[in-house]
Amino acid sequence: MAVFIRQLTGIRFVAALWVLLYHLQGPLNTMGVMAIPVLNDVIRVGRLGVDLFFALSGFILTHTYINKMGGRLAAGATLEFWWLRLARIYPVHFVMLNIAGLAIVAQALITGVDRERPWLNPVDYVRNLLLVQEWGPHPSRGWNIVAWSLSMEWLAYLIFPLLILVLLALHKRVAMPVLIVAWFVALLPLLIRGSYTVDPYYTDLWGSVVRVLTEFTAGAITYLIVLRFIPEGASDPHQRVERLATTVSVVMPILVVAGAVFLGRWSGAQSPITLNDPEAEPLPPFFHLWLVPLLIVWIGALALSRRGQARWLATDTLILGGVVSYSLYMTHLVWFGVWRAGMNALGIEAGILFAIAWIVGIAGAFIVAWLMWRIVEEPCRRVMRRAVGVKPVAPEETTADPDAKKDNAVTDR
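Under the working numbering, the first residue of the sequence shown is numbered 899, with each subsequent residue one higher.
Keep in mind that the hints were calculated from the coordinates and are not lab data.
Only a predicted model underlies this, so the values are computations on that prediction, with no experimental measurement involved.
Idealized CB from N, CA, C, for every residue including glycine.
Incorrect hints may appear among the rest.
As the list claims (entries may be wrong) - Lysine-lysine pairs mimicking DSBU-like chemistry, simulated, CA-CA at most 35 Å apart:
| hint | residue 1 | residue 2 |
| --- | --- | --- |
| 1 | Lys-1289 | Lys-1070 |
| 2 | Lys-966 | Lys-1289 |
| 3 | Lys-966 | Lys-1070 |
As the list claims (entries may be wrong) - So the derived label-pair ranges between C-beta atoms look like this:
| hint | residue 1 | residue 2 | range |
| --- | --- | --- | --- |
| 4 | Ala-1067 | Arg-1141 | 30 to 38 Å |
| 5 | His-1036 | Gly-1240 | 33 to 41 Å |
| 6 | Leu-1089 | Asn-1019 | 33 to 41 Å |
| 7 | Ala-975 | Ile-1078 | 26 to 34 Å |
| 8 | Pro-1129 | Ala-1067 | 47 to 55 Å |
| 9 | Ala-1261 | Leu-1056 | 36 to 44 Å |
| 10 | Leu-1244 | Val-1149 | 40 to 48 Å |
All chains, please: the whole structure from these sequences, using the hints.
Structure (C-alpha cells):
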C-alpha cells in the first residue's frame, strides 16, 4: 500500500512551511500580515508542524517495518534500522550544528555584542552531537535550536524496535474497536500535558518526551487502523471508504483552523509572556496541543484518499517540497539569522524595501534548503545506506529527482 507515500511526502512540505512561518512572525508582523484575521491564528500555532512530523514518522516507519522487522527483537535488524535512521537525519544535523556555532561566534565578533549563552560550551556541544540535548525534564535548547526535535526523533527511533513488536501484536490479534481505544490511550498523556498553563514551550516536566512518544505511537496506530480499511491483497480502499476519507481529509484542516482561531481569541489561553511584553517572542496559545489528534486523523484520511487534497499533495512540486523539507527545517533559522543581520546592517526595518527583502529571504531559504539536500543530505544518505547494502533511494525521491529514477528502491528504509 505504497500509494499514499506521495501525498504523505507532500504533507512534510506543509509541516515544514508551517514551522517556518511560525518562526517568521516578526517580519510578517512588520509587513502587516499578522493583522490578517484567521491567518494570524494559524501561523501562531505553526510549531504544530513538528507534532505533525512526529506522527507522520510513526505512520511511515510502521508501514515500512511492520513486517520487515519480524515478530522478535533481532540485533542485526535493530542495528541496521538505527543506522538507516541516522543516515536520514545525521549528516544535515552535523553540518548545521557546526554552522550554527560558527555563525554565533561570527556574530559576536562582527557586532561586538557577546550575549550570554549558557549552552555555548563543550558539554552541550557533545550532547547535541549525540542527539540527547532534549532528553530530561528541563532541557536547554541552543546551537541549532530546531535540532531539539531530532533529539526527540532519535529517542523514538531507539524505542521503535520494541514498539514494533507491540504494534505487530495489535495488528494481528485485536479488533478495530481495541485499536481505536489504543489510539486514544496513546494520546491521553499529550492531552493532559497540553492542558498545563505554566510552560508555554511544553519543555519542562518531560514535555518534549511526552510529545514525541505519544504522537509517534498514535501515528503508528493510525497506520494499523488505515490497514483495516484496505481489502486484503488490494492497494486501494473501497469507493465508499475512499469518499468518506476524502471528506474527512477536508474537514480535519477546517477544524484545526477553527480550533486555532478559538484558542487565539480565548483570553485564558494566552501566555503571560506574550501579553505582558510586546517585544517577546509571539507564542502560541496554551492548549494548542489539543489540535494534534485532528492532524493525526488528517494523516490517516489522506492515506485512504485518492482525490482532492491527496491528489494535490501528490503533485511533483509538492513531492519535491516534501523531499527537501527536512533540509528546509534544519537550515531556515540560521539562514534567517543571517538575513536579519543583513537587514540590520542595511538599516532596512520596514516599507517596500523590507517586503522585497523578505521575499528574497524566503526564496533564499528554499535555495539553501535545496543545496543542503543536494550537496549534503542526499549524497551522505546514499553513502551510508550503501555501507550496509541497502538501496540508496526512497520511493518519494524517485518521483521528484530525475537522477533517482535510475534506482529501483521500493521502501523508505
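Quick rundown of the hints versus the structure:
In summary, the hint linking Lys-1289 to Lys-1070 is supported, as the alpha carbons are separated by about 29 Å, within the 35 Å threshold. In summary, the hint linking Lys-966 to Lys-1289 is supported, as the alpha carbons are separated by about 15 Å, within the 35 Å threshold. Of the pairs offered as hints, the one joining Lys-966 and Lys-1070 holds, with about 15 Å between alpha carbons and a cut-off of 35 Å not exceeded. A C-beta distance of roughly 32 Å is found between Ala-1067 and Arg-1141, which places it inside the suggested range of 30 to 38 Å.
The hinted range of 33 to 41 Å is satisfied by His-1036 and Gly-1240, whose Cβ atoms lie roughly 35 Å apart. Distance hint check for Leu-1089 and Asn-1019: the Cβ-Cβ separation is about 36 Å, which falls inside the suggested range of 33 to 41 Å. For the hinted restraint 26 to 34 Å between Ala-975 and Ile-1078, the CB-CB distance of approximately 29 Å keeps it satisfied. Under the hint 47 to 55 Å, the C-beta atoms of Pro-1129 and Ala-1067, about 23 Å apart, miss the expected range.
For the pair Ala-1261 and Leu-1056, the supplied restraint of 36 to 44 Å holds, since their beta-carbon distance comes to about 38 Å. Between Leu-1244 and Val-1149 the beta carbon distance is about 46 Å. The supplied range of 40 to 48 Å therefore holds.
In this structure, the one hint that does not hold is number 8.
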